[in-house]
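**Student:** Using the sequences and the hints, build the whole thing.
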Amino acid sequence: MRRPQPAVSRHTNPTPNAAPVEAPQAGSIEAEIADLTATRAGLTEQLPPLERTKQAALLERRNLILGKADERVIAEANRVCREAESEWFAIDDAIKEADRRLADAIERRDAAAMEAERQAVAGRLERNASEVETAAASLAKAIESVSLAYTRLAIGITSQAAGQFDPTLGVASPMQVANVLLYGGLAHALPSLDLQAEMKPWSMYAHTAKVEGAEPVEAASAFAARIRDAAAKVRAHEIDHLLPATEDLQPIPRMNSEEETVYVTAPFFYHRATNDPIIVPVGEFSVPIRVAELAVEAGCASEVEPMGWGRLSGKDYLEGRGPKLVGMRVSPLGYDECHDLGFNLMEWRKAELEARLTGQPSDREAA
1 MRRPQPAVSR HTNPTPNAAP VEAPQAGSIE AEIADLTATR AGLTEQLPPL
51 ERTKQAALLE RRNLILGKAD ERVIAEANRV CREAESEWFA IDDAIKEADR
101 RLADAIERRD AAAMEAERQA VAGRLERNAS EVETAAASLA KAIESVSLAY
151 TRLAIGITSQ AAGQFDPTLG VASPMQVANV LLYGGLAHAL PSLDLQAEMK
201 PWSMYAHTAK VEGAEPVEAA SAFAARIRDA AAKVRAHEID HLLPATEDLQ
251 PIPRMNSEEE TVYVTAPFFY HRATNDPIIV PVGEFSVPIR VAELAVEAGC
301 ASEVEPMGWG RLSGKDYLEG RGPKLVGMRV SPLGYDECHD LGFNLMEWRK
351 AELEARLTGQ PSDREAA
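In the UniProt record's numbering, the protein residues as written are 1 to 367.
Bear in mind the hints are in silico, worked out from the structure with no lab data behind them. Idealized CB from N, CA, C, for every residue including glycine. Certain hints may be false.
Unchecked claim - Quick list of the computed label-pair ranges, beta carbon to beta carbon:
(1) V296 - A136: 40 to 46 Å
(2) D336 - E303: 25 to 31 Å
(3) A56 - V121: 58 to 64 Å
(4) V296 - A236: 49 to 55 Å
(5) A136 - H207: 29 to 35 Å
(6) E144 - E347: 21 to 27 Å
(7) H237 - P191: 42 to 48 Å
(8) G123 - D276: 58 to 64 Å
(9) T158 - A236: 19 to 25 Å
(10) A225 - A266: 51 to 57 Å
(11) E212 - H237: 36 to 42 Å
(12) S192 - T37: 50 to 56 Å
What the hints assert, rightly or not - Within a straight-line C-alpha distance of at most 35 Å, the following computed DSBU-like cross-link-like pairs (lysine-lysine) qualify:
(13) K141 - K210
(14) K54 - K68
(15) K350 - K233
(16) K200 - K233
(17) K350 - K200
(18) K200 - K141
(19) K96 - K54
(20) K350 - K210
(21) K200 - K210
(22) K141 - K350
**Tutor:** Pasting the structure below:
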């Protein structure tokens, strides 16, 4: 009787012209799967002849029993049947175990592949996070450049020139004109931004709508042409030289608005903007830092509570009310009773901006 041969792993190329398959690295899951697959194939090839041997032994024993053969002959037939069945069951059991191990290896391979994909996705996300930060840093620099250019534009437009931007619908302010050029330029450069803004706030028909893109240089050239036309008419005495103008209520653009609390010992006043004086009476007040510095220099205020402050300021009456913000002209004092700091907050902030744009030292830095 033929004994079952040990399984031999055979890697054959079924198609002569096919490219050779790269063998997996030893010890890897793919190598384990390849080895188990080859082993199972070898075992499966052994099973049919063993099945035939088993069936032949069973048939021989059956015939001997039916033919009433000698007991010793039947006993030998039983031994042959047991060996044939044992060999068949051994190979069949090995095939089942190979199937189990193969399924386990495939599951581990798939789990490893999924984990590798998970790590790859995480790696791509981490790289993308770094790319976003790098791109955002470039964007921040570009925005800073845009901010400085916008500031230079807003400062460079006078109120009288701004009034010529859209004279048929109203009198625009410098900041409003700068905003129109900025919004239009952004919409022109970034159509997908979908900007919504009130583009003509100087008009009684003003409303918020989608910003239409406009190339800044072309828009500025058209505006400059209207300014030159107005200048020619003023020179030719065709129109009055006192052109309509509107001042911005806020500095162009807003500067640092930090304030400082000081103890005012003598009333003073300063200008928040042209023709907008603010009186600061005796008391504890929060004022813009530059105003506080000038008031201290003029001897009108102190950064620390002076001696006799309760008598001077009526502190007993003001107890618990805390510092007061100065922003409304409610003092009963007249301007002739107050020290004039000779300071215009808006003009100072504009000068600070211009100094920063040109790289020149500001008043505070020069001091």
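**Student:** Give a verdict on every hint.
**Tutor:** Structure-based check of all given hints:
1. V296 - A136: 40 to 46 Å: 42 Å, holds
2. D336 - E303: 25 to 31 Å: Check passed, 27 Å falls within 25 to 31 Å.
3. A56 - V121: 58 to 64 Å: Hint holds: Cβ distance 59 Å, inside 58 to 64 Å.
4. V296 - A236: 49 to 55 Å: Roughly 52 Å apart at Cβ, these two residues keep to the hinted range, so it holds.
5. A136 - H207: 29 to 35 Å: 33 Å, holds
6. E144 - E347: 21 to 27 Å: Once the Cβ atoms are compared, 25 Å apart, the range 21 to 27 Å for E347 and E144 holds.
7. H237 - P191: 42 to 48 Å: About 46 Å separates the Cβ atoms of H237 and P191, which means 42 to 48 Å holds.
8. G123 - D276: 58 to 64 Å: Given a distance of about 59 Å, which is inside 58 to 64 Å, the answer is holds.
9. T158 - A236: 19 to 25 Å: For T158 and A236 the Cβ distance comes to about 20 Å; the hint holds.
10. A225 - A266: 51 to 57 Å: Cβ of A225 to Cβ of A266: about 53 Å, so the range 51 to 57 Å holds.
11. E212 - H237: 36 to 42 Å: Holds - the Cβ-Cβ distance for E212 and H237, about 37 Å, lies within 36 to 42 Å.
12. S192 - T37: 50 to 56 Å: 54 Å, holds
13. K141 - K210: 27 Å, holds
14. K54 - K68: Judged against 35 Å, a Cα distance of about 21 Å means the pair holds.
15. K350 - K233: 30 Å, holds
16. K200 - K233: 25 Å, holds
17. K350 - K200: 24 Å, holds
18. K200 - K141: Given pair K200, K141 holds - Cα atoms ~29 Å apart, limit 35 Å.
19. K96 - K54: 19 Å, holds
20. K350 - K210: 31 Å, holds
21. K200 - K210: Distance ~12 Å between K200 and K210 Cα, so the pair holds.
22. K141 - K350: Roughly 23 Å separates the two Cα atoms, so the pair holds.
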